[in-house]
Amino acid sequence: MGLPLMMERSSNNNNVELSRVAVSDTHGEDSPYFAGWKAYDENPYDESHNPSGVIQMGLAENQVSFDLLETYLEKKNPEGSMWGSKGAPGFRENALFQDYHGLKTFRQAMASFMEQIRGGKARFDPDRIVLTAGATAANELLTFILADPNDALLVPTPYYPGFDRDLRWRTGVKIVPIHCDSSNHFQITPEALDSAYQTARDANIRVRGVLITNPSNPLGATVQKKVLEDLLDFCVRKNIHLVSDEIYSGSVFHASEFTSVAEIVENIDDVSVKERVHIVYSLSKDLGLPGFRVGTIYSYNDNVVRTARRMSSFTLVSSQTQHMLASMLSDEEFTEKYIRINRERLRRRYDTIVEGLKKAGIECLKGNAGLFCWMNLGFLLEKKTKDGELQLWDVILKELKLNISPGSSCHCSEVGWFRVCFANMSENTLEIALKRIHEFMDRRRRF
Amino acid sequence: MTRTEPNRSRSSNSDSDKNSGNVGGGRTTGMRVIVPLQGVVQGRGGLFLGSVIPCAFFYFLQFYLKRNRKNDESDNSGEQNSSASSSSSPNSGLPDPTRSQSAGHLTELTGLPRSLSRILLSPRNSGGAVSVSGRVNCVLKGGDSSPYYVGQKRVEDDPYDELGNPDGVIQLGLAQNNKLSLDDWVLENPKEAISDGLSISGIASYEPSDGLLELKMAVAGFMTEATKNSVTFDPSQLVLTSGASSAIEILSFCLADSGNAFLVPTPCSPGYDRDVKWRTGVDIIHVPCRSADNFNMSMVVLDRAFYQAKKRGVRIRGIIISNPSNPMGSLLSRENLYALLDFARERNIHIISNEIFAGSVHGEEGEFVSMAEIVDTEENIDRERVHIVYDLSKDLSFPGLRSAAIYSFNESVLSASRKLTTLSPVSSPTQHLLISAISNPKNVQRFVKTNRQRLQSIYTELVEGLKELGIECTRSNGGFYCWADMRGLISSYSEKGEIELWNKLLNIGKINVIPGSCCHCIEPGWFRICFSNLSERDVPVVMNRIRKVCETCKSQN
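Chains A and B, in that order, are what the protein sequence lines are. Just so you know, the first sequence maps onto residues 1 to 447 in the working numbering. Just so you know, the second sequence maps onto residues 1001 to 1557 in the working numbering.
These are calculated hints, taken from the structure and not from any lab test. The model shown is predicted, which means the values in this text are computed figures rather than measured ones. Careful: at least some of the hints might be erroneous.
[As the list claims (entries may be wrong)] Cut-off 30 Å, straight-line C-alpha distance, at most; resulting in silico cross-link-like pairs (DSBU-like, lysine-lysine): (1) 1277/B with 174/A; (2) 1419/B with 38/A; (3) 226/A with 174/A; (4) 384/A with 358/A.
Could you build the full structure based on these sequences and the hints that come with them?
Encoded structure:
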């Protein structure tokens, strides 16, 4: 069997093949969203060493409240914070624990933190929390669980470019957009919902659910309560799921302006309504700890919880991380302070950038949450097309050395909108970015 | 359903004709029996019409009824079973779709405006219970009752503790290795153990999802040490991810399409059913190995399995081996590995070599040879078909820290895998901890050496103890398992007999072991016993418990 010398090593046509998943570009990483990051990587801005470098405004990372975290962790118990209350000897338990249920203390801490963010208007049961290595994984997991290959999820546009990968790549599920536009501040209308649903039906695609982000990425605005109620109603009528990605819930500037779908479900007893609702959350944005990779799925559906738990075997949160964060998140005094101050600082940043842009003659969508603003440069476009928008994006990247995200990469149906992140830099850097924009606009005006 | 279209016009004709009792020919009065029409229309025409018309009528009627019943609600629930997932058995554990269909009908009739409050009032929600994907079925159907999960739960509910709970269930099912000297390192170096002196901001940001370069370098160094330096692993060919399950699943996604299959020699790891098959839609074709061959792989049997699959129209994309093997703990010989490479080359398929126990080789006989060493001298085209899975958790007793690796020579696989790790990355504080722990070569050597010695001593004790009870094990040279022959204790030479014994071991002996059927072993009566989380003091306790069960079996038989 198998004498090596007798093999025909003809040509490279014998290259062993890979799967369709491996060679497809559904990972979506060729979009400008990611291309801009590359430009940044090659020439990153640095206050002292590279002041003319590319400023990264395409990454929604929250660095405004790091100091609060650092002080807490270093003050409380620097060793214990890593290993739990027992300090280094707790290492053994730490290292050995690998249960996909997740540490009970950590789940309780997450539940309590999520309640605090919603001002106590909804309760979270720790046993319904499933931990995943980031919200990315949580969204993919839910998609695997709620839909079969070739089914579809309805997602309002504009949406986070990562969804093209997270919801579609390995799952084989399609995204059918719910088109929203600036006429009503990009809120979801019942007509748009029905139209999207019909589009799917006409193409013989089975719709399994609606996935929204609340507060919205890239809009930086919360979803109105009435819209949420209509959405839930729609999902009940069509007998489909509702997934609410609330990853920015702790980044709403004024707590009163955020309504979580959990609040709406809180007052409903009918299980068949509740069990179609699922919430995704992560510590990456609110706590500014993206590297830690902590995400959760919260579902009111027992089957989904059970399956998600099992499936999370592929994407577990390290026990060290769970220990480290459990005590911090359950410290209510700290979390209350953190949430409050974080909100305040984000609001101030937002005001700074919106004012700054206004002075340069640029309007933004009225936002009230998140780490970015949704800027309208439609009036600058030579051609009111996607190409025109990409041209402008290219100019901004190459001339102004600002990496912002074009609306087309978020599948926005209106051209000319751009997402600009403001929380992943120092105040100085933000000033410099605004200055560059001012100069650019001045130059333009002269022509 | 498809017959309706061409026949519709005819059947509508025939409808009216039936009513008047006429077909084709002369128009006479009175109803005629539709079948057979041969009496009315002569010869073959009648035979044809006599069969086509009633069928067409039947289909048309169904179509008509369905269209009128069709509304938005019943759409979704009624078509439940048309989805792709073939492994789901309809409606097991899922809400009955027909319930929602009729409920949808209710809503149409009442004609009330659709609002949330009305839905709360109506006894049946307009849509009924919402359905989930076929994948959920898999879990709900089989998962809970498999010995693997049942045993696991028993251990969780009643875990053995030498002082606190001496009658608890001893875990011999799961590979945890608490033999390690990493504890000592951590106690000596608490600050390093935290984050290399970095502040939070140094570890909090987004980092490449496939792992920090520093960690890859450390892991490559560790793997090199594990092979006793016969291979030098290149960090740029590593992709890090949160666990071996994820690594295997990622490779399954990259190397095979839904509907394809991998060949897997059995007995094998119970985890493959989930890791390889669950979300990918890829299948496993088991290639049984026998005790007569010491459970070694036979190329002849492998070949046969390949061609049988081909005949059935199943495309084989690769073969998954484990070395040291799970559950036997045997080391594949160089000849074996070369033969395997030839096999893969001839059929142009991939090899996934699961080497997660490479650093836990404790036996004196045989040497561990990594697939990486075999392809070291081969041409590129063959290197590209080999992919190695490694798991820090096994060799370093770090299961909770979730860090494993894919090592490949295939740039496309690496590229796709890197992107896929956004969905299963290693947590950054964990990466930094690992960097501190395993970057130092002296540390690494110490871990590997101590690990080996401790495993060897427990293994020897356990095997001798079992021998005294009349239970032989296959020779294991690596990993955490004994593969024990308990055929003498089962009441009937069947899977049923094996499960009965497993039950006794769990409930009477209070030990959780994995029955061979979970490992897809074709011969009943073999059990996988994990010894890596036993201390010397635990071994006699385990022996006593097994002895109790043996006596129960003997008295019953």
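Next on the checklist: Please verify whether residue 1419/B and residue 38/A have alpha carbons no more than 30 Å apart.
Outcome noted: Since the Cα atoms of residue 1419/B and residue 38/A sit roughly 15 Å apart, the hinted pair holds (cutoff 30 Å).
Take the C-alpha atoms of residue 1277/B and residue 174/A, compute the straight-line distance between them, and say whether it is at most 30 Å. Since the Cα atoms of residue 1277/B and residue 174/A sit roughly 21 Å apart, the hinted pair holds (cutoff 30 Å).
(request) Take the C-alpha atoms of residue 384/A and residue 358/A, compute the straight-line distance between them, and say whether it is at most 30 Å. (result) Measuring from Cα to Cα gives roughly 22 Å; hence the hint holds.
Proposed proximity, residue 174/A with residue 226/A (alpha carbon, max 30 Å): Measuring from Cα to Cα gives roughly 27 Å; hence the hint holds.
In terms of the numbered hints stated before, the structure departs from none.
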